[in-house]
Amino acid sequence: MQFELSFDNEPAALASVQAFTEAALRQLPLPADEAQQFGDLVMAAVNDAVAHAYPQGETGAVKLVIREAAGKLEIRVRDFGLPQAVGQMETRLQSGESLRAWLRSAQQADLVDEIHWLAFGPQGKALQLVKWLHKASVVESVSAAALAPTPASAAATVPLAPPQQYAVRRLLPAEATQVSQLMYRTYGNTYFNADVYYPERIASQNQEQEVVSVVAVAADGRIAAHCALERNQQGQVAEIGQAAVDPAHRGRGLLDRMKAVLENEAQTLGLVGWYADAVTVHTFTQQSDAHHGGHVCGVDLAVSPQSESFRGIARQLPQRVSCVLYFRWLGDPRPRTLFVPPRHQAIAAAIYDNLQAPVEFGPLTAPSAEHGTHAVKLSAGKALGKIRAGALGRDSVYAIRHGVRGLVEQSRAEVVVVELPLADPACGHVAEQLEADGLGFTGIGPHFSPQGDVLKLTYLVSPLERDPIKTFEPFAARLVEYALAEQTRVRAGL
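Numbered by this note's numbering, the letters in the sequence shown go through residues 338 to 831 in order.
Some clues are possibly wrong.
Mimicking DSSO-like on lysine-lysine, the simulated pairs with C-alpha atoms at most 30 Å apart in a straight line are [as the list claims (entries may be wrong)]:
id, residue 1, residue 2
1, Lys714, Lys409
2, Lys807, Lys714
3, Lys409, Lys723
4, Lys723, Lys807
5, Lys719, Lys807
6, Lys719, Lys409
7, Lys714, Lys400
8, Lys400, Lys723
Computed Cβ-Cβ distance ranges for the label pairs, DEER-style [what the hints assert, rightly or not]:
id, residue 1, residue 2, range
9, Val495, Ala829, 29 to 39 Å
10, Pro672, Leu606, 23 to 33 Å
11, Glu347, Leu606, 37 to 47 Å
12, Ala585, Tyr735, 34 to 44 Å
13, Glu347, Asn526, 40 to 50 Å
14, Leu365, Leu654, 33 to 43 Å
15, Val495, Gln364, 16 to 26 Å
16, Gln339, Ala706, 28 to 38 Å
If you're looking for bench data, these hints aren't it; they were derived computationally from the structure. Each residue gets a CB set at the ideal place from its N, CA and C atoms; glycine is no exception.
Go ahead and model the full structure; you've got the sequences and the hints to work with.
Encoded structure:
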(Lines of atoms letter the chains of each structure in order from A and count residues from 1; the text may use other names and numbers.)
(Lines give C-alpha, C1' and ligand atoms only; values in the text may rest on other atoms or scores of the structure.)
Protein backbone atom coordinates (compact mmCIF):
# COMPACT_ATOMS: atom_id res chain seq x y z
CA MET A 1 0.00 0.00 0.00
CA GLN A 2 1.39 3.39 -0.95
CA PHE A 3 0.01 6.93 -0.90
CA GLU A 4 1.72 10.01 -2.31
CA LEU A 5 0.79 13.69 -2.10
CA SER A 6 2.71 16.58 -3.64
CA PHE A 7 2.03 20.17 -2.61
CA ASP A 8 3.64 23.60 -2.56
CA ASN A 9 5.28 25.00 0.56
CA GLU A 10 2.28 27.20 1.25
CA PRO A 11 0.70 27.20 4.75
CA ALA A 12 -2.70 27.10 3.07
CA ALA A 13 -1.97 23.51 1.94
CA LEU A 14 -1.51 22.17 5.48
CA ALA A 15 -5.19 21.51 6.20
CA SER A 16 -5.48 19.34 3.08
CA VAL A 17 -2.25 17.51 3.92
CA GLN A 18 -3.56 16.76 7.40
CA ALA A 19 -6.82 15.35 6.03
CA PHE A 20 -4.86 13.19 3.58
CA THR A 21 -2.56 11.93 6.37
CA GLU A 22 -5.42 11.04 8.70
CA ALA A 23 -7.28 9.19 5.92
CA ALA A 24 -4.16 7.22 4.95
CA LEU A 25 -3.32 6.21 8.53
CA ARG A 26 -6.88 4.99 9.07
CA GLN A 27 -6.16 2.27 6.50
CA LEU A 28 -3.49 0.78 8.79
CA PRO A 29 -3.88 -1.51 11.83
CA LEU A 30 -2.96 1.21 14.31
CA PRO A 31 -4.86 1.93 17.56
CA ALA A 32 -6.74 5.22 17.29
CA ASP A 33 -4.61 7.04 19.90
CA GLU A 34 -1.37 5.81 18.33
CA ALA A 35 -2.55 6.82 14.85
CA GLN A 36 -3.35 10.28 16.22
CA GLN A 37 0.11 10.66 17.79
CA PHE A 38 1.84 9.38 14.68
CA GLY A 39 -0.22 11.69 12.50
CA ASP A 40 0.81 14.63 14.69
CA LEU A 41 4.46 13.65 14.19
CA VAL A 42 4.03 13.49 10.41
CA MET A 43 2.39 16.89 10.35
CA ALA A 44 5.18 18.34 12.50
CA ALA A 45 7.65 17.12 9.87
CA VAL A 46 5.49 18.56 7.08
CA ASN A 47 5.19 21.93 8.87
CA ASP A 48 8.96 21.98 9.33
CA ALA A 49 9.54 21.35 5.62
CA VAL A 50 7.04 24.05 4.64
CA ALA A 51 8.68 26.56 6.99
CA HIS A 52 12.37 25.81 6.47
CA ALA A 53 13.06 23.82 3.27
CA TYR A 54 13.18 26.84 0.95
CA PRO A 55 14.52 30.39 1.28
CA GLN A 56 12.04 32.94 2.55
CA GLY A 57 9.59 33.89 -0.19
CA GLU A 58 10.56 31.05 -2.56
CA THR A 59 7.88 28.60 -3.69
CA GLY A 60 8.85 24.95 -3.91
CA ALA A 61 7.43 21.46 -3.85
CA VAL A 62 7.11 19.11 -0.88
CA LYS A 63 6.17 15.45 -1.28
CA LEU A 64 4.65 13.21 1.39
CA VAL A 65 4.94 9.45 0.82
CA ILE A 66 3.20 6.92 3.09
CA ARG A 67 4.16 3.33 2.30
CA GLU A 68 3.35 0.09 4.12
CA ALA A 69 4.80 -3.29 3.14
CA ALA A 70 5.29 -6.44 5.15
CA GLY A 71 4.29 -4.67 8.36
CA LYS A 72 6.87 -1.92 7.86
CA LEU A 73 5.39 1.57 7.72
CA GLU A 74 7.69 4.11 6.07
CA ILE A 75 6.90 7.78 5.72
CA ARG A 76 9.06 10.28 3.86
CA VAL A 77 8.66 14.04 3.90
CA ARG A 78 10.71 15.12 0.89
CA ASP A 79 11.64 18.60 -0.22
CA PHE A 80 13.69 19.82 -3.18
CA GLY A 81 15.10 22.88 -1.49
CA LEU A 82 18.36 24.16 -0.08
CA PRO A 83 21.24 21.65 0.08
CA GLN A 84 22.04 20.83 3.68
CA ALA A 85 24.81 19.02 5.58
CA VAL A 86 22.54 16.02 5.92
CA GLY A 87 25.28 13.82 7.36
CA GLN A 88 25.60 16.24 10.29
CA MET A 89 21.81 16.41 10.65
CA GLU A 90 21.67 12.61 10.79
CA THR A 91 24.36 12.28 13.44
CA ARG A 92 22.75 14.98 15.60
CA LEU A 93 19.47 13.12 15.25
CA GLN A 94 20.90 9.72 16.19
CA SER A 95 22.80 11.15 19.17
CA GLY A 96 19.65 12.75 20.58
CA GLU A 97 20.90 16.27 19.88
CA SER A 98 18.47 17.11 17.10
CA LEU A 99 17.56 20.75 16.91
CA ARG A 100 13.92 19.80 16.33
CA ALA A 101 12.07 19.39 19.65
CA TRP A 102 9.29 17.40 17.97
CA LEU A 103 11.83 14.82 16.82
CA ARG A 104 13.21 14.45 20.32
CA SER A 105 9.72 13.97 21.75
CA ALA A 106 8.94 11.32 19.10
CA GLN A 107 12.04 9.35 20.04
CA GLN A 108 11.33 9.65 23.75
CA ALA A 109 7.70 8.55 23.31
CA ASP A 110 8.81 5.52 21.24
CA LEU A 111 6.46 6.55 18.43
CA VAL A 112 8.87 5.37 15.74
CA ASP A 113 11.48 2.63 15.41
CA GLU A 114 13.83 4.54 13.12
CA ILE A 115 14.30 8.16 12.04
CA HIS A 116 16.78 9.14 9.33
CA TRP A 117 17.68 12.10 7.18
CA LEU A 118 18.31 11.18 3.54
CA ALA A 119 20.45 13.35 1.27
CA PHE A 120 19.68 14.02 -2.39
CA GLY A 121 22.29 16.74 -3.00
CA PRO A 122 20.91 19.45 -5.31
CA GLN A 123 17.57 17.63 -5.25
CA GLY A 124 17.02 18.35 -1.58
CA LYS A 125 16.55 15.98 1.34
CA ALA A 126 13.95 13.81 3.07
CA LEU A 127 13.05 12.89 6.61
CA GLN A 128 12.35 9.15 6.82
CA LEU A 129 10.18 7.73 9.62
CA VAL A 130 9.99 3.94 10.06
CA LYS A 131 7.52 2.17 12.33
CA TRP A 132 7.00 -1.57 12.64
CA LEU A 133 3.34 -2.52 12.93
CA HIS A 134 4.24 -6.04 14.11
CA LYS A 135 5.46 -5.83 17.71
CA ALA A 136 4.81 -9.33 19.11
CA SER A 137 8.23 -10.89 19.80
CA VAL A 138 8.56 -14.66 20.05
CA VAL A 139 10.09 -14.13 23.50
CA GLU A 140 6.83 -12.63 24.71
CA SER A 141 4.44 -15.06 23.03
CA VAL A 142 6.05 -18.50 23.46
CA SER A 143 6.79 -20.53 26.57
CA ALA A 144 10.30 -20.50 27.99
CA ALA A 145 10.59 -24.26 27.42
CA ALA A 146 10.09 -23.81 23.68
CA LEU A 147 12.93 -21.28 23.60
CA ALA A 148 15.38 -23.17 25.81
CA PRO A 149 18.78 -22.81 24.18
CA THR A 150 21.27 -25.58 23.72
CA PRO A 151 24.29 -24.63 25.84
CA ALA A 152 27.50 -24.32 23.85
CA SER A 153 29.15 -26.89 26.08
CA ALA A 154 26.40 -29.41 25.41
CA ALA A 155 25.62 -28.80 21.73
CA ALA A 156 28.29 -31.20 20.52
CA THR A 157 26.72 -33.98 22.61
CA VAL A 158 23.09 -33.36 21.60
CA PRO A 159 21.71 -36.71 20.43
CA LEU A 160 21.16 -36.71 16.71
CA ALA A 161 17.64 -37.26 15.48
CA PRO A 162 17.07 -40.63 13.79
CA PRO A 163 17.89 -40.79 10.07
CA GLN A 164 14.87 -39.53 8.14
CA GLN A 165 13.61 -37.79 5.05
CA TYR A 166 13.36 -33.98 5.12
CA ALA A 167 10.99 -31.87 3.05
CA VAL A 168 12.82 -28.75 1.83
CA ARG A 169 10.31 -26.15 0.67
CA ARG A 170 8.97 -22.61 1.06
CA LEU A 171 7.86 -21.56 4.51
CA LEU A 172 4.14 -21.68 5.31
CA PRO A 173 2.71 -18.65 7.19
CA ALA A 174 1.67 -20.81 10.15
CA GLU A 175 5.30 -21.93 10.60
CA ALA A 176 6.73 -18.45 11.23
CA THR A 177 6.66 -18.91 15.01
CA GLN A 178 8.74 -22.06 14.70
CA VAL A 179 11.34 -20.13 12.69
CA SER A 180 11.56 -17.44 15.38
CA GLN A 181 11.96 -20.16 18.01
CA LEU A 182 14.73 -21.84 16.00
CA MET A 183 16.60 -18.55 15.55
CA TYR A 184 16.34 -17.80 19.26
CA ARG A 185 17.52 -21.27 20.28
CA THR A 186 20.45 -20.94 17.87
CA TYR A 187 21.55 -17.35 18.48
CA GLY A 188 19.83 -16.31 21.71
CA ASN A 189 18.78 -12.67 21.37
CA THR A 190 22.01 -11.71 19.60
CA TYR A 191 21.13 -12.23 15.91
CA PHE A 192 21.84 -8.91 14.20
CA ASN A 193 18.54 -8.80 12.26
CA ALA A 194 15.88 -8.42 14.94
CA ASP A 195 13.06 -9.17 12.46
CA VAL A 196 13.68 -12.91 12.92
CA TYR A 197 12.26 -12.72 16.46
CA TYR A 198 8.88 -11.40 15.28
CA PRO A 199 6.77 -14.16 13.65
CA GLU A 200 4.32 -11.69 12.12
CA ARG A 201 7.15 -9.88 10.40
CA ILE A 202 8.53 -13.13 9.01
CA ALA A 203 5.12 -14.12 7.64
CA SER A 204 4.37 -10.66 6.23
CA GLN A 205 7.82 -10.22 4.64
CA ASN A 206 7.43 -13.57 2.94
CA GLN A 207 3.97 -12.64 1.69
CA GLU A 208 5.40 -9.45 0.16
CA GLN A 209 8.48 -11.39 -1.13
CA GLU A 210 10.81 -8.98 0.62
CA VAL A 211 12.09 -12.15 2.26
CA VAL A 212 11.87 -15.64 0.76
CA SER A 213 12.17 -18.29 3.46
CA VAL A 214 12.96 -21.94 2.82
CA VAL A 215 12.76 -24.55 5.57
CA ALA A 216 13.76 -28.15 6.07
CA VAL A 217 10.88 -29.99 7.72
CA ALA A 218 11.60 -33.11 9.76
CA ALA A 219 9.49 -36.27 9.69
CA ASP A 220 7.53 -35.10 12.73
CA GLY A 221 6.49 -31.89 10.93
CA ARG A 222 8.76 -29.63 12.95
CA ILE A 223 11.12 -27.09 11.39
CA ALA A 224 14.65 -28.48 11.51
CA ALA A 225 16.40 -25.70 9.57
CA HIS A 226 15.78 -22.31 7.95
CA CYS A 227 17.47 -20.10 5.37
CA ALA A 228 16.21 -17.10 3.42
CA LEU A 229 16.71 -14.64 0.58
CA GLU A 230 16.64 -11.06 1.88
CA ARG A 231 15.88 -8.27 -0.61
CA ASN A 232 17.87 -5.66 1.32
CA GLN A 233 19.88 -4.06 -1.50
CA GLN A 234 18.63 -1.57 -4.08
CA GLY A 235 20.15 -3.55 -6.96
CA GLN A 236 18.88 -6.77 -8.52
CA VAL A 237 20.43 -9.04 -5.94
CA ALA A 238 19.39 -10.71 -2.70
CA GLU A 239 21.28 -11.89 0.34
CA ILE A 240 21.19 -15.50 1.46
CA GLY A 241 21.07 -15.39 5.23
CA GLN A 242 19.08 -16.14 8.39
CA ALA A 243 20.59 -19.62 8.36
CA ALA A 244 19.96 -21.87 11.36
CA VAL A 245 20.02 -25.65 11.78
CA ASP A 246 18.78 -27.43 14.90
CA PRO A 247 21.75 -29.24 16.55
CA ALA A 248 19.86 -32.53 16.42
CA HIS A 249 19.71 -32.27 12.62
CA ARG A 250 23.19 -30.94 11.82
CA GLY A 251 25.59 -32.73 9.50
CA ARG A 252 22.90 -33.80 7.04
CA GLY A 253 23.43 -31.28 4.27
CA LEU A 254 20.26 -29.31 5.05
CA LEU A 255 21.89 -25.91 4.50
CA ASP A 256 23.12 -26.95 1.06
CA ARG A 257 19.69 -28.27 0.11
CA MET A 258 17.96 -25.07 1.24
CA LYS A 259 20.41 -22.92 -0.72
CA ALA A 260 19.72 -24.92 -3.88
CA VAL A 261 16.00 -24.19 -3.52
CA LEU A 262 16.70 -20.52 -2.79
CA GLU A 263 18.77 -20.21 -5.96
CA ASN A 264 15.79 -21.40 -7.98
CA GLU A 265 13.62 -18.85 -6.18
CA ALA A 266 16.13 -16.09 -7.01
CA GLN A 267 16.01 -16.99 -10.69
CA THR A 268 12.21 -16.89 -10.59
CA LEU A 269 12.41 -13.38 -9.16
CA GLY A 270 14.63 -12.29 -12.07
CA LEU A 271 17.63 -11.45 -9.91
CA VAL A 272 21.13 -10.99 -11.32
CA GLY A 273 22.65 -12.97 -8.46
CA TRP A 274 22.71 -13.73 -4.77
CA TYR A 275 25.29 -12.83 -2.17
CA ALA A 276 26.08 -14.01 1.32
CA ASP A 277 27.97 -12.60 4.28
CA ALA A 278 29.62 -15.73 5.66
CA VAL A 279 30.83 -15.33 9.22
CA THR A 280 34.48 -15.97 9.98
CA VAL A 281 33.93 -17.31 13.50
CA HIS A 282 33.86 -20.68 11.71
CA THR A 283 34.13 -21.78 8.06
CA PHE A 284 30.97 -23.92 7.73
CA THR A 285 28.93 -21.20 6.01
CA GLN A 286 31.85 -20.24 3.78
CA GLN A 287 32.17 -23.87 2.66
CA SER A 288 28.46 -24.00 1.87
CA ASP A 289 28.56 -20.72 -0.10
CA ALA A 290 31.57 -21.90 -2.10
CA HIS A 291 29.94 -25.28 -2.73
CA HIS A 292 26.94 -23.50 -4.26
CA GLY A 293 29.01 -21.45 -6.68
CA GLY A 294 29.61 -18.35 -4.57
CA HIS A 295 32.79 -16.41 -5.35
CA VAL A 296 34.64 -14.28 -2.82
CA CYS A 297 34.48 -10.57 -3.65
CA GLY A 298 35.05 -8.76 -0.37
CA VAL A 299 35.54 -8.77 3.37
CA ASP A 300 33.05 -7.09 5.68
CA LEU A 301 35.26 -6.24 8.61
CA ALA A 302 33.73 -6.10 12.10
CA VAL A 303 30.14 -5.74 10.88
CA SER A 304 28.56 -7.62 13.80
CA PRO A 305 29.02 -7.00 17.53
CA GLN A 306 31.40 -8.98 19.68
CA SER A 307 28.36 -9.92 21.77
CA GLU A 308 26.88 -12.06 18.96
CA SER A 309 26.55 -15.67 20.07
CA PHE A 310 27.02 -18.86 18.04
CA ARG A 311 25.57 -21.56 20.26
CA GLY A 312 27.32 -24.85 19.87
CA ILE A 313 30.24 -23.13 18.16
CA ALA A 314 31.39 -20.05 20.06
CA ARG A 315 29.84 -18.21 22.98
CA GLN A 316 32.52 -15.63 23.75
CA LEU A 317 34.25 -13.84 20.90
CA PRO A 318 37.61 -12.05 21.11
CA GLN A 319 36.56 -9.21 18.78
CA ARG A 320 33.75 -8.00 16.54
CA VAL A 321 32.60 -10.47 13.88
CA SER A 322 33.89 -10.11 10.33
CA CYS A 323 32.36 -11.79 7.29
CA VAL A 324 33.57 -12.97 3.89
CA LEU A 325 31.37 -11.63 1.10
CA TYR A 326 30.40 -14.25 -1.51
CA PHE A 327 28.58 -13.58 -4.77
CA ARG A 328 26.96 -15.98 -7.23
CA TRP A 329 25.86 -14.99 -10.74
CA LEU A 330 22.55 -16.37 -12.00
CA GLY A 331 23.47 -15.58 -15.59
CA ASP A 332 26.47 -14.43 -17.60
CA PRO A 333 27.99 -11.22 -16.19
CA ARG A 334 28.25 -8.34 -18.63
CA PRO A 335 31.55 -6.53 -19.32
CA ARG A 336 31.99 -3.31 -17.36
CA THR A 337 34.24 -0.27 -17.14
CA LEU A 338 34.90 0.79 -13.57
CA PHE A 339 36.85 3.53 -11.86
CA VAL A 340 39.12 2.16 -9.14
CA PRO A 341 42.11 3.92 -7.51
CA PRO A 342 45.32 2.70 -9.19
CA ARG A 343 46.60 1.32 -5.88
CA HIS A 344 43.70 -1.16 -5.78
CA GLN A 345 43.36 -2.07 -9.45
CA ALA A 346 45.45 -5.25 -9.10
CA ILE A 347 43.32 -6.64 -6.24
CA ALA A 348 40.13 -5.44 -7.95
CA ALA A 349 41.19 -7.24 -11.14
CA ALA A 350 41.79 -10.38 -9.07
CA ILE A 351 38.32 -10.05 -7.53
CA TYR A 352 36.64 -9.75 -10.93
CA ASP A 353 38.74 -12.63 -12.25
CA ASN A 354 37.51 -14.66 -9.28
CA LEU A 355 33.97 -13.52 -10.13
CA GLN A 356 34.58 -14.53 -13.76
CA ALA A 357 33.39 -11.08 -14.85
CA PRO A 358 35.20 -9.13 -17.61
CA VAL A 359 36.30 -5.67 -16.47
CA GLU A 360 38.29 -2.64 -17.64
CA PHE A 361 39.47 0.26 -15.51
CA GLY A 362 39.02 3.88 -16.46
CA PRO A 363 41.21 6.83 -15.43
CA LEU A 364 40.74 8.87 -12.27
CA THR A 365 38.52 11.89 -12.83
CA ALA A 366 37.49 14.62 -10.42
CA PRO A 367 33.70 15.01 -9.97
CA SER A 368 32.12 17.33 -12.51
CA ALA A 369 28.80 17.93 -10.74
CA GLU A 370 28.63 20.41 -7.90
CA HIS A 371 26.61 18.22 -5.55
CA GLY A 372 26.54 14.50 -4.90
CA THR A 373 23.88 12.39 -3.21
CA HIS A 374 24.20 9.96 -0.35
CA ALA A 375 22.17 8.27 2.38
CA VAL A 376 23.31 7.77 5.98
CA LYS A 377 22.10 4.92 8.15
CA LEU A 378 22.94 3.87 11.68
CA SER A 379 22.22 0.41 13.11
CA ALA A 380 22.51 1.42 16.74
CA GLY A 381 22.27 -2.12 18.12
CA LYS A 382 25.19 -3.19 15.95
CA ALA A 383 27.12 0.10 16.40
CA LEU A 384 27.39 0.02 12.60
CA GLY A 385 27.08 3.03 10.33
CA LYS A 386 26.57 2.93 6.56
CA ILE A 387 26.89 5.67 3.99
CA ARG A 388 25.93 4.92 0.39
CA ALA A 389 26.65 7.45 -2.31
CA GLY A 390 24.21 7.61 -5.20
CA ALA A 391 25.99 10.11 -7.43
CA LEU A 392 29.32 11.82 -6.77
CA GLY A 393 29.86 15.57 -6.78
CA ARG A 394 32.50 18.04 -5.74
CA ASP A 395 30.98 18.12 -2.24
CA SER A 396 30.90 14.32 -1.82
CA VAL A 397 34.24 13.96 -0.04
CA TYR A 398 33.35 16.68 2.45
CA ALA A 399 29.84 15.32 3.03
CA ILE A 400 30.92 11.70 3.45
CA ARG A 401 33.88 12.67 5.63
CA HIS A 402 31.60 14.57 8.01
CA GLY A 403 29.06 11.77 7.92
CA VAL A 404 31.68 9.27 9.04
CA ARG A 405 32.94 11.53 11.81
CA GLY A 406 29.44 12.19 13.06
CA LEU A 407 28.56 8.50 13.11
CA VAL A 408 31.71 7.70 15.09
CA GLU A 409 32.02 10.70 17.38
CA GLN A 410 28.37 11.44 18.10
CA SER A 411 26.47 8.24 17.38
CA ARG A 412 29.18 5.94 18.79
CA ALA A 413 29.43 3.72 15.72
CA GLU A 414 32.36 1.32 16.01
CA VAL A 415 32.44 0.63 12.27
CA VAL A 416 31.37 2.71 9.26
CA VAL A 417 31.02 1.21 5.78
CA VAL A 418 31.05 3.58 2.80
CA GLU A 419 29.87 2.40 -0.61
CA LEU A 420 30.74 4.32 -3.78
CA PRO A 421 29.32 3.73 -7.30
CA LEU A 422 32.11 2.11 -9.31
CA ALA A 423 30.60 3.14 -12.65
CA ASP A 424 30.88 6.82 -11.71
CA PRO A 425 34.09 8.24 -13.27
CA ALA A 426 34.76 10.13 -10.03
CA CYS A 427 34.74 6.98 -7.87
CA GLY A 428 38.50 6.45 -7.75
CA HIS A 429 39.20 10.11 -7.05
CA VAL A 430 36.70 10.24 -4.15
CA ALA A 431 37.98 6.94 -2.75
CA GLU A 432 41.56 8.20 -2.65
CA GLN A 433 40.48 11.33 -0.79
CA LEU A 434 38.52 9.29 1.77
CA GLU A 435 41.51 7.04 2.46
CA ALA A 436 43.19 10.06 3.99
CA ASP A 437 40.46 9.92 6.66
CA GLY A 438 41.16 6.31 7.59
CA LEU A 439 38.78 4.46 5.26
CA GLY A 440 40.34 1.33 3.80
CA PHE A 441 39.45 -0.83 0.80
CA THR A 442 37.47 -3.97 1.71
CA GLY A 443 36.06 -5.22 -1.59
CA ILE A 444 33.36 -5.05 -4.24
CA GLY A 445 29.57 -5.35 -4.02
CA PRO A 446 28.32 -6.55 -7.45
CA HIS A 447 25.02 -4.90 -8.42
CA PHE A 448 24.47 -3.62 -4.90
CA SER A 449 22.97 -0.39 -6.26
CA PRO A 450 20.75 0.54 -9.23
CA GLN A 451 23.87 2.07 -10.83
CA GLY A 452 25.71 -1.27 -10.66
CA ASP A 453 28.68 -2.38 -8.58
CA VAL A 454 29.91 -0.54 -5.50
CA LEU A 455 33.38 -0.05 -4.03
CA LYS A 456 33.39 -0.83 -0.32
CA LEU A 457 35.52 1.19 2.11
CA THR A 458 35.54 0.66 5.87
CA TYR A 459 36.50 2.76 8.88
CA LEU A 460 37.29 0.86 12.10
CA VAL A 461 37.43 2.53 15.50
CA SER A 462 39.46 -0.39 16.90
CA PRO A 463 41.90 -2.52 14.87
CA LEU A 464 41.30 -6.23 14.33
CA GLU A 465 43.54 -9.23 14.89
CA ARG A 466 44.00 -11.70 12.03
CA ASP A 467 43.95 -14.98 13.99
CA PRO A 468 40.25 -14.96 15.00
CA ILE A 469 39.21 -14.45 11.35
CA LYS A 470 38.81 -17.97 9.95
CA THR A 471 38.79 -18.41 6.17
CA PHE A 472 38.03 -21.42 4.00
CA GLU A 473 39.53 -20.45 0.64
CA PRO A 474 43.01 -19.08 -0.17
CA PHE A 475 41.49 -16.13 -2.01
CA ALA A 476 39.41 -15.23 1.04
CA ALA A 477 42.58 -15.32 3.15
CA ARG A 478 44.30 -13.07 0.60
CA LEU A 479 41.48 -10.52 0.75
CA VAL A 480 41.37 -10.54 4.55
CA GLU A 481 45.10 -9.89 4.72
CA TYR A 482 44.87 -7.17 2.06
CA ALA A 483 41.98 -5.45 3.88
CA LEU A 484 43.76 -5.59 7.25
CA ALA A 485 46.96 -4.26 5.68
CA GLU A 486 44.97 -1.39 4.18
CA GLN A 487 43.55 -0.61 7.61
CA THR A 488 47.07 -0.41 8.99
CA ARG A 489 48.17 1.82 6.09
CA VAL A 490 45.30 4.32 6.24
CA ARG A 491 45.35 4.49 10.05
CA ALA A 492 49.06 5.33 9.98
CA GLY A 493 48.25 8.49 8.09
CA LEU A 494 45.73 9.82 10.60
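Hints violated by the structure (listed by number, smallest first): 9, 12 and 15
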